[in-house]
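Chemist: Work the whole structure out from these sequences, hints included.
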Amino acid sequence: MSYLQYFQIPELDRRLLKVWLRNKDVFMKNVKLNFLPPFLEPILYLLAMGFGLGAFIDDIDGVSYAQFIAPALIAVSVMYASFFECTYSSYVRMYYQKTFDAIIATPLIIEDVIAGELFWGATRSAINALVMIPVIAAFGLIDLKYALLIVPFAFLAGLLFACIGMCFTALTPNITVLEYPTLLFITPMFLFSGTFFPLKVLPEAIQYFAFAFLPLTHIVRIIRALAYGSLEVSLISSLLWILMASFLFFVLSMNLMKKKLIV
Amino acid sequence: MVTINHIIKAEGLVKRYGEFTAVDDVSFYVEEGEMFGFLGPNGAGKTTTMKMIQCISPKTSGILEVFGMDVSAHPREIKKDMGVVPQENNLDPDFTVYENLRNYSRYFDIPPKEAEKRIEELLDFVQLQDKKNVMSEFLSGGMKRRLVLARSLLNNPRLIMLDEPTVGLDPQARHLIWEKLRSLKKRGVTIVLTTHYLDEAEKLCNRLVVMDYGKIVVEGEPEQIIEDHIGTGVVEVDNNPKLVGCLQKSGLSYEIIGDTMMIYTNDPMHIASQLNMECSLDKITTRKATLEDVFLKLTGRKLRE
Chain A
20 MSYLQYFQIP ELDRRLLKVW LRNKDVFMKN VKLNFLPPFL EPILYLLAMG FGLGAFIDDI
80 DGVSYAQFIA PALIAVSVMY ASFFECTYSS YVRMYYQKTF DAIIATPLII EDVIAGELFW
140 GATRSAINAL VMIPVIAAFG LIDLKYALLI VPFAFLAGLL FACIGMCFTA LTPNITVLEY
200 PTLLFITPMF LFSGTFFPLK VLPEAIQYFA FAFLPLTHIV RIIRALAYGS LEVSLISSLL
260 WILMASFLFF VLSMNLMKKK LIV
Chain B
7 MVTINHIIKA EGLVKRYGEF TAVDDVSFYV EEGEMFGFLG PNGAGKTTTM KMIQCISPKT
67 SGILEVFGMD VSAHPREIKK DMGVVPQENN LDPDFTVYEN LRNYSRYFDI PPKEAEKRIE
127 ELLDFVQLQD KKNVMSEFLS GGMKRRLVLA RSLLNNPRLI MLDEPTVGLD PQARHLIWEK
187 LRSLKKRGVT IVLTTHYLDE AEKLCNRLVV MDYGKIVVEG EPEQIIEDHI GTGVVEVDNN
247 PKLVGCLQKS GLSYEIIGDT MMIYTNDPMH IASQLNMECS LDKITTRKAT LEDVFLKLTG
307 RKLRE
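Order-wise, the sequence lines are chains A and B.
For this note's numbering, add 19 to where a residue sits in the first sequence, where the first one is 1.
For this note's numbering, add 6 to where a residue sits in the second sequence, where the first one is 1.
Keep in mind the hints are simulated off the structure, nothing from the lab.
Don't take every hint at face value.
Straight-line C-alpha distance at most 30 Å; calculated DSS-like pairs for lysine-lysine [unchecked claim]:
no.: 1; chain 1: B; residue 1: Lys294; chain 2: A; residue 2: Lys43
no.: 2; chain 1: B; residue 1: Lys86; chain 2: A; residue 2: Lys277
no.: 3; chain 1: B; residue 1: Lys221; chain 2: A; residue 2: Lys279
no.: 4; chain 1: A; residue 1: Lys48; chain 2: B; residue 2: Lys123
no.: 5; chain 1: B; residue 1: Lys138; chain 2: A; residue 2: Lys117
no.: 6; chain 1: A; residue 1: Lys43; chain 2: B; residue 2: Lys119
no.: 7; chain 1: B; residue 1: Lys86; chain 2: A; residue 2: Lys279
no.: 8; chain 1: B; residue 1: Lys119; chain 2: A; residue 2: Lys51
no.: 9; chain 1: A; residue 1: Lys43; chain 2: B; residue 2: Lys150
no.: 10; chain 1: A; residue 1: Lys278; chain 2: B; residue 2: Lys119
no.: 11; chain 1: B; residue 1: Lys150; chain 2: A; residue 2: Lys117
no.: 12; chain 1: A; residue 1: Lys48; chain 2: B; residue 2: Lys294
no.: 13; chain 1: A; residue 1: Lys277; chain 2: B; residue 2: Lys221
no.: 14; chain 1: B; residue 1: Lys137; chain 2: A; residue 2: Lys48
no.: 15; chain 1: B; residue 1: Lys15; chain 2: A; residue 2: Lys117
no.: 16; chain 1: B; residue 1: Lys119; chain 2: A; residue 2: Lys48
no.: 17; chain 1: A; residue 1: Lys48; chain 2: B; residue 2: Lys192
no.: 18; chain 1: B; residue 1: Lys192; chain 2: A; residue 2: Lys43
no.: 19; chain 1: B; residue 1: Lys192; chain 2: B; residue 2: Lys294
no.: 20; chain 1: A; residue 1: Lys278; chain 2: B; residue 2: Lys15
no.: 21; chain 1: B; residue 1: Lys137; chain 2: A; residue 2: Lys117
no.: 22; chain 1: A; residue 1: Lys43; chain 2: B; residue 2: Lys15
no.: 23; chain 1: B; residue 1: Lys221; chain 2: A; residue 2: Lys117
no.: 24; chain 1: B; residue 1: Lys150; chain 2: A; residue 2: Lys277
no.: 25; chain 1: A; residue 1: Lys277; chain 2: B; residue 2: Lys15
no.: 26; chain 1: B; residue 1: Lys86; chain 2: A; residue 2: Lys48
no.: 27; chain 1: B; residue 1: Lys137; chain 2: A; residue 2: Lys51
no.: 28; chain 1: A; residue 1: Lys51; chain 2: B; residue 2: Lys138
no.: 29; chain 1: A; residue 1: Lys279; chain 2: B; residue 2: Lys150
no.: 30; chain 1: B; residue 1: Lys303; chain 2: A; residue 2: Lys117
no.: 31; chain 1: B; residue 1: Lys294; chain 2: A; residue 2: Lys117
no.: 32; chain 1: B; residue 1: Lys15; chain 2: A; residue 2: Lys279
no.: 33; chain 1: B; residue 1: Lys191; chain 2: A; residue 2: Lys117
no.: 34; chain 1: A; residue 1: Lys117; chain 2: B; residue 2: Lys123
no.: 35; chain 1: B; residue 1: Lys86; chain 2: A; residue 2: Lys43
Modeler: Rendered as structure tokens:
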């Protein structure tokens, strides 16, 4: 079989919005509970690490430690939100709840379902960013000049992690195996993408590796610039990297899921 | 040539999974307004055939048309006018009864006002009005099945596909589902179902096929099939070696199953008294031949899977 079949460009239909709406409706049923983690997590992290641990750190690149990690906390939350939405949550809907089966008995086809799931994952990332920005702003750790741009950017970044997550969902033989991408991919990124310390303290080879293969590196970089209120032209390279990777993994995840579900 | 309105038409339909042929060169048709059954042991290819008709499993080869449209070319158009009750309930556990239906109505582009009206009607139809705001996972098995049936009717389908609609239900719930299916049929809806309950098939279906090993073994109206393969009646007697000789002399068609002998005949009363006199038997049961007799005769008694 040719590998090209995994790179067929999928056609998007407006009906994918109905799948998005289904997930939104479920989210809104527990909206208060769902808003709690993005509200509480930055407070806890900022208190413990930003101000606790940060008391022993003079400054990083001219900003306080709390100010340094605050944008990274948003980036990490953006990653977690869509990645877990499109791995564990999608897997549960697909395998245990048979939600996908129910949907494709209607005029919707499987491509609509997967695309709807991916855009919903991206939406969850954007929601998290939207909740976290005022919390972090309340600590005085964010420049409000470009802060709101973080929300649409979080949607794009979220889409990338949604698509990567969906690839794992398509490939995993069962739900327990999903722990491996979390352990081997998500957790290292959480720690080594310029999140809690600057990348430049790492050996040069690892820095190149991070820029080439760890999406969070680029996302932290852009959110940090937006949060500091200081944009520079060189950020375009990170934005392009994210756009290209999103497109690639979008196409790949759609084809992998089609292959898995259409038998 | 008379043109009959064929809702489903399959010719030389084949479905292969790698080396395994699940549906092997099958041809059949379903007419508008009839109730049509797929029968057969586990693994016979019934569900696979159903899934191909539902446009969710692509055919390997052959012709398969629903509403006169090719299933691979027009899945969205076909599914728009089809209702599906799957083997396994797949209600949305994140939603209440009402929310399940409202959410599902969106997939069919039913305008909200119209959906509201249909949901109320359907909740009355399947008698779930008082469970409207209960989370679907807290419903009993029978209620879940009724809700799935209601959900399959949201789009006013021309054709409903039911895979084992009454499996695991108590007699009350089964009878309620049957009643609902009959009233749908009266409204002119075409119904296709699979079932392991042969009494169900005998009661409900105008026409049916028995499948085995991916092929259609027999096709026709239930009574006709019984008459062709068994006769109208069955005489059951305890198995004993003397009887075999006695039966062979009389030239009757019979089968030995464990310690019972089954004699297939159109005149069970006469045969029973004849056996009573000639072979001096005391335990004789006569009964009507059923679809179950045909099924076991055609597909054998060996356990599947």
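Chemist: If a hint holds in the structure, say so; if it doesn't, say that too.
Modeler: For each hint, the structure was consulted:
Of the supplied pair hints, the one linking Lys294 (chain B) and Lys43 (chain A) is violated, its CA atoms being roughly 57 Å apart against a limit of 30 Å. Note on Lys86 (chain B) and Lys277 (chain A): the hinted pairing holds, with a Cα-Cα distance of about 21 Å set against a maximum of 30 Å. Taken as a hint, the Lys221 (chain B) and Lys279 (chain A) pair is honoured in the structure, with Cα atoms around 27 Å apart against an allowance of 30 Å. For the hint pairing Lys48 (chain A) with Lys123 (chain B), the CA-to-CA distance comes to about 23 Å; that is within 30 Å, so the pair holds.
Between Lys138 (chain B) and Lys117 (chain A) the alpha-carbon distance is near 22 Å, which keeps this suggested pair within the 30 Å criterion. For the proposed pair Lys43 (chain A) and Lys119 (chain B), the alpha carbon gap of about 21 Å is at most 30 Å, so the pair holds. Distance restraint check for Lys86 (chain B) and Lys279 (chain A): the Cα-Cα separation of roughly 24 Å lies within the 30 Å cut-off, and the hinted pair is therefore satisfied. Only pairs whose Cα atoms come within 30 Å are accepted, and Lys119 (chain B) paired with Lys51 (chain A) is accepted, the gap being roughly 29 Å.
Distance restraint check for Lys43 (chain A) and Lys150 (chain B): the Cα-Cα separation of roughly 24 Å lies within the 30 Å cut-off, and the hinted pair is therefore satisfied. The hinted pair formed by Lys278 (chain A) and Lys119 (chain B) fails the criterion: a straight-line CA distance of about 38 Å is larger than 30 Å. Of the supplied pair hints, the one linking Lys150 (chain B) and Lys117 (chain A) holds, its CA atoms being roughly 14 Å apart against a limit of 30 Å. Of the pairs offered as hints, the one joining Lys48 (chain A) and Lys294 (chain B) is violated, with about 56 Å between alpha carbons and a cut-off of 30 Å exceeded.
The suggested pairing of Lys277 (chain A) with Lys221 (chain B) holds, with an alpha-carbon distance near 28 Å, which does not exceed 30 Å. Among the hinted pairs, Lys137 (chain B) with Lys48 (chain A) is consistent with the structure: their alpha-carbon atoms are about 18 Å apart, no more than 30 Å. For a cut-off of 30 Å, the pair hint linking Lys15 (chain B) to Lys117 (chain A) stands: about 29 Å separates their Cα positions. Only pairs whose Cα atoms come within 30 Å are accepted, and Lys119 (chain B) paired with Lys48 (chain A) is accepted, the gap being roughly 22 Å.
For the given pair, Lys48 (chain A) sits about 40 Å from Lys192 (chain B) by alpha-carbon distance, which is inconsistent with the 30 Å threshold. Proximity of Lys192 (chain B) to Lys43 (chain A) is assessed by CA-CA distance (about 39 Å); at most 30 Å being required, the pair is judged violated. For the proposed pair Lys192 (chain B) and Lys294 (chain B), the alpha carbon gap of about 28 Å is at most 30 Å, so the pair holds. Between Lys278 (chain A) and Lys15 (chain B) the CA atoms are separated by roughly 27 Å; this keeps the pair inside 30 Å, and the hint holds.
For the given pair, Lys137 (chain B) sits about 22 Å from Lys117 (chain A) by alpha-carbon distance, which is consistent with the 30 Å threshold. With a C-alpha separation of about 40 Å, the suggested pairing of Lys43 (chain A) with Lys15 (chain B) is violated against the 30 Å cut-off. For a cut-off of 30 Å, the pair hint linking Lys221 (chain B) to Lys117 (chain A) stands: about 29 Å separates their Cα positions. Straight-line distance between C-alpha atoms of Lys150 (chain B) and Lys277 (chain A) comes to about 29 Å, which keeps the hinted pair within the 30 Å bound.
Between Lys277 (chain A) and Lys15 (chain B), the direct Cα distance comes to roughly 27 Å. Compliance with the 30 Å bound is thereby established for this hinted pair. For the proposed pair Lys86 (chain B) and Lys48 (chain A), the alpha carbon gap of about 29 Å is at most 30 Å, so the pair holds. Restraint check: the Cα-Cα separation between Lys137 (chain B) and Lys51 (chain A) comes to about 26 Å, which is no more than 30 Å; the hinted pair holds. At roughly 24 Å between alpha-carbon atoms, Lys51 (chain A) and Lys138 (chain B) fall within 30 Å of each other, so this suggested pair holds.
Of the pairs offered as hints, the one joining Lys279 (chain A) and Lys150 (chain B) holds, with about 28 Å between alpha carbons and a cut-off of 30 Å not exceeded. For the suggested pair Lys303 (chain B) and Lys117 (chain A), the alpha carbons sit about 37 Å apart, so the restraint of at most 30 Å is broken. With a CA separation close to 42 Å, the supplied pair Lys294 (chain B) and Lys117 (chain A) exceeds the 30 Å bound. A hinted pair counts as satisfied when its Cα atoms are at most 30 Å apart, and Lys15 (chain B) with Lys279 (chain A) qualifies at roughly 28 Å.
Taking the CA atoms of Lys191 (chain B) and Lys117 (chain A), the gap is near 28 Å; set against the 30 Å cutoff, the hint holds. Restraint check: the Cα-Cα separation between Lys117 (chain A) and Lys123 (chain B) comes to about 27 Å, which is no more than 30 Å; the hinted pair holds. Proximity of Lys86 (chain B) to Lys43 (chain A) is assessed by CA-CA distance (about 24 Å); at most 30 Å being required, the pair is judged to hold.
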